[in-house]
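Here is what each chain is made of, one letter per residue.
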Amino acid sequence: MTRHVLIAEDDADMRALVALTLRRDGYFVEEVRDGWALLASLEAPNILLDLVITDIRMPGLSGLDVVERIRTKSESVPVIVMTAFGDEEARATATRLGAVLIDKPFSMDALRTAVCHVLRE
Amino acid sequence: MRGMRIVPKLSLAFVAATCGILVVNGWFRVRREVAFYESDRARDHETIARSLGVAVASIWKSDGRAKALETVDSFDRDVMRVRWHDEPVPIAADASAGQPITTLDAAPKRTWHTWVPVEIDGKRQGALEMIEPASSEERFARSTEIDTIASAAAIVALSALLSLALGQWLVGRPVSALASKARRVGAGDFGGPVVLPRQDELYDLAKEMNAMSENLSTTLAQLRHADRLTTVGKLASGVAHELGTPLNVVHARAAMIAHDATSSSETQESATVIVRAAERMTKIIRQLLQFARKKTVTKSRCDVLDICRDAIELVAPIASRRSARIALASESHATKLDADAGEIQQVVTNLVMNAIQAMPKGGRVDVVVRDERATPPIDLGTSALDCLSIEVADEGTGIAPENLARVFEPFFTTKDVGEGTGLGLAVSYGIVREHGGWIRVESEVDRGTRFRVYLPRPAGGPT
Chain A
1 MTRHVLIAED DADMRALVAL TLRRDGYFVE EVRDGWALLA SLEAPNILLD
51 LVITDIRMPG LSGLDVVERI RTKSESVPVI VMTAFGDEEA RATATRLGAV
101 LIDKPFSMDA LRTAVCHVLR E
Chain B
1 MRGMRIVPKL SLAFVAATCG ILVVNGWFRV RREVAFYESD RARDHETIAR
51 SLGVAVASIW KSDGRAKALE TVDSFDRDVM RVRWHDEPVP IAADASAGQP
101 ITTLDAAPKR TWHTWVPVEI DGKRQGALEM IEPASSEERF ARSTEIDTIA
151 SAAAIVALSA LLSLALGQWL VGRPVSALAS KARRVGAGDF GGPVVLPRQD
201 ELYDLAKEMN AMSENLSTTL AQLRHADRLT TVGKLASGVA HELGTPLNVV
251 HARAAMIAHD ATSSSETQES ATVIVRAAER MTKIIRQLLQ FARKKTVTKS
301 RCDVLDICRD AIELVAPIAS RRSARIALAS ESHATKLDAD AGEIQQVVTN
351 LVMNAIQAMP KGGRVDVVVR DERATPPIDL GTSALDCLSI EVADEGTGIA
401 PENLARVFEP FFTTKDVGEG TGLGLAVSYG IVREHGGWIR VESEVDRGTR
451 FRVYLPRPAG GPT
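Going down the list, the sequences are from chains A and B. Quick note on this note's numbering: the first sequence kicks off at 1 and runs consecutively. Quick note on this note's numbering: the second sequence kicks off at 1 and runs consecutively.
Hints may be right or wrong, so weigh each one.
In silico contact screen, one side only, chain B against chain A (beta carbon under 7 Å); selected entries [to be verified]:
1) 239
2) 328
3) 330
Quick look at which bits of chain B chain A covers, simulated, 3 or more residues with Cβ under 8 Å [to be verified]:
4) 247–257
5) 271–279
Some chain A residues close to chain B (C-beta under 8 Å, calculated; not the full set) [as the list claims (entries may be wrong)]:
6) 14
7) 25
8) 26
9) 98
10) 104
11) 107
The hints are simulated quantities; they were obtained by calculation from the structure and are not laboratory data. The beta-carbon is built from N, C-alpha and C at its ideal position, and this holds for glycine as well.
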């Protein structure tokens with residue numbers, strides 16, 4: 001069965017890159033460009049998500065704000081947070097929310113490894 | 001002024017005390033001297049009366065009673081009345097011993113009254129009565145009083161003068177030096193220790209005050225350093241974040257080309273993305289360098305109003321595309337200032353661009369140049385300065401209160417990717433600081449934002 005991945009990233013090139021990589025690996029990929037769109041997608045009914053990959057700094061809601069909101073609500077969709085080095089506060093929050101961290105810049109192999117690890121493949 | 005000052009107050013108390021002492025002392029002195037003078041006069045009277053008695057007795061003995069009484073009459077004058085009384089005379093008991101008696105009668109006028117018994121061969125014949133008004137005693141008492149009052153007044157005046165002068169020298173001047181130092185510290189000027197000439201309590205206070213202001217200055221410097229370190233930390237994390245993403249893209253796209261590109265169109269697409277990412281990184285680095293550089297400003301006489309006009313002209317095409325109208329007004333009498341025209345134009349351009357971008361549906365941007373007297377932020381450390389201010393106000397979305405304090409932080413932005421790097425205001429802030437000025441911002445969400453650039457005029461210079 002095809003895995004459904006949601007990517008939230010405001011940088012178009014970065015978003016396209018991650019999406020392209022995962023599509024090549026056979027995932028079904030949905031892309032959003034800010035926090036509000038991410039929240040809308042997560043709250044939409046009848047969508048079975050297997051994984052969320054999100055940036056932290058985005059216009060509107062930050063990636064962590066969104067994760068915090070869905071974590072207080074319901075199920076435990078796995079989350080991978082793409083973060084920059086040095087943002088210690090964000091790292092702590094992400095860890096507390098049970099998200100997996102992946103530091104920018106990262107290689108596509110590192111991304112694949114993280115995704116496989118989270119989805120236990 | 002605020003009530004009475006210390007030195008006049010102390011002087012007044014001192015003079016009042018002196019006055020009290022002089023009044024009591026003068027009162028007793030006048031009384032003592034008058035009493036002394038009166039006893040002196042009484043003795044004189046007795047002496048004169050006695051010799052008169054002796055003379056009358058001797059004439060009586062040699063020339064007879066009639067001749068003696070004639071002599072008595074010859075002594076009788078207006079100033080001193082002399083009369084003869086035959087026995088028996090109204091004379092006090094002890095006068096029988098042949099001694100004169102002197103009394104000072106109070107009524108109806110103060111009068112000296114002396115009785116002298118006259119004896120011939122041991123037998124009392126009668127007595128001489130001498131009467132003299134005591135006018136000289138009254139004159140003496142009056143002049144003594146005047147003398148005492150005059151010297152007391154002189155002492156009071158002198159002591160008032162002396163205590164005022166001494167108080168001003170010992171207390172007034174040092175205290176006003178301390179007050180002016182305190183005022184300067186309050187205004188953020190920690191230099192110039194206050195030095196007092198004499199080693200007294202005020203000298204100790206001055207010493208403590210100097211130490212305090214030095215400590216304050218050190219603490220402030222440490223605070224500024226800590227602030228700079230925080231800024232450096234934020235800058236580093238900002239750089240990591242800003243460059244991390246494009247670097248990530250470059251790395252991964254290059255890896256795709258190297259390893260698993262399947263078609264030339266895919267290769268081409270990756271290469272295009274790489275070029276774009278590299279351009280973005282270059283732009284970030286260029287702005288970062290501009291932010292970090294410590295170029296010395298080259299100031300020359302320029303007209304701030306012209307600078308604003310140029311800046312507005314520069315962004316006019318963007319403004320019209322976004323249906324924003326820009327209005328420029330001057331409320332200043334003198335818009336010329338020594339400044340780096342290019343740099344100030346960059347600041348104004350930046351603020352106007354921000355204003356346009358803050359109004360997605362268009363609107364009005366007001367640029368106003370004013371003369372203003374304003375108090376700088378505490379670390380610029382002086383009291384209010386005469387400034388030329390440039391205000392840029394928009395009717396845009398406003399800045400949320402929690403973001404308002406961060407707008408000058410490097411890499412802080414709420415704009416979409418590609419619209420701003422978050423360095424514009426940080427660079428502007430640096431430029432204005434290099435001109436000795438500062439920027440203030442106030443904003444109301446959904447109502448608009450107002451930035452105001454303050455450029456101080458040189459103190460006492462041409463305006």
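query = Against chain B, with CB atoms and a cut of 8 Å, does the hint on residue 104(A) hold up?
reply = holds (4 Å)
Proximity test - 8 Å, beta-carbon atoms, the region 247–257 of chain B to chain A, at least three hits = Held - the region 247–257 of chain B has 8 residues with a Cβ nearer than 8 Å to chain A, which meets the minimum of three.
query = Any CB of chain A closer than 7 Å to the CB of residue 328(B)?
reply = Violated, about 31 Å.
Agreement of hint residue 239(B) with chain A interface, Cβ distance less than 7 Å = Since chain A brings no Cβ nearer than about 9 Å to residue 239(B), farther than 7 Å, the hint is violated.
message = Hint validation: residue 98(A) versus chain B, beta carbon distance must be below 8 Å. Holds or violated?
response = violated (23 Å)
message = Interface hint check: residue 26(A), Cβ to nearest Cβ on chain B, cutoff 8 Å. Holds or violated?
response = violated (14 Å)
key: Proposed interface contact between residue 107(A) and chain B, which counts if any beta carbon pair is under 8 Å   = It holds, given that the least Cβ distance between residue 107(A) and chain B is near 6 Å, below 8 Å.
query = Does residue 25(A) pass the interface check with chain B, least Cβ-Cβ distance below 8 Å?
reply = Violated, about 11 Å.
ask   = Are residue 14(A) and chain B close enough, Cβ to Cβ, to be under 8 Å, as the hint says?
value = holds (5 Å)
Proposed interface contact between residue 330(B) and chain A, which counts if any beta carbon pair is under 7 Å = This hint is violated: residue 330(B) lies away from chain A, its Cβ roughly 37 Å from the closest one there, beyond 7 Å.
request  = Confirm or reject the coverage of the region 271–279 of chain B by chain A under the rule of 3 or more residues with a beta carbon closer than 8 Å to the chain's beta carbons.
outcome  = Coverage by chain A holds for the region 271–279 of chain B (3 residues, Cβ < 8 Å).
Comparing the model with each numbered hint stated earlier shows that hints 1, 2, 3, 7, 8, 9 do not hold.
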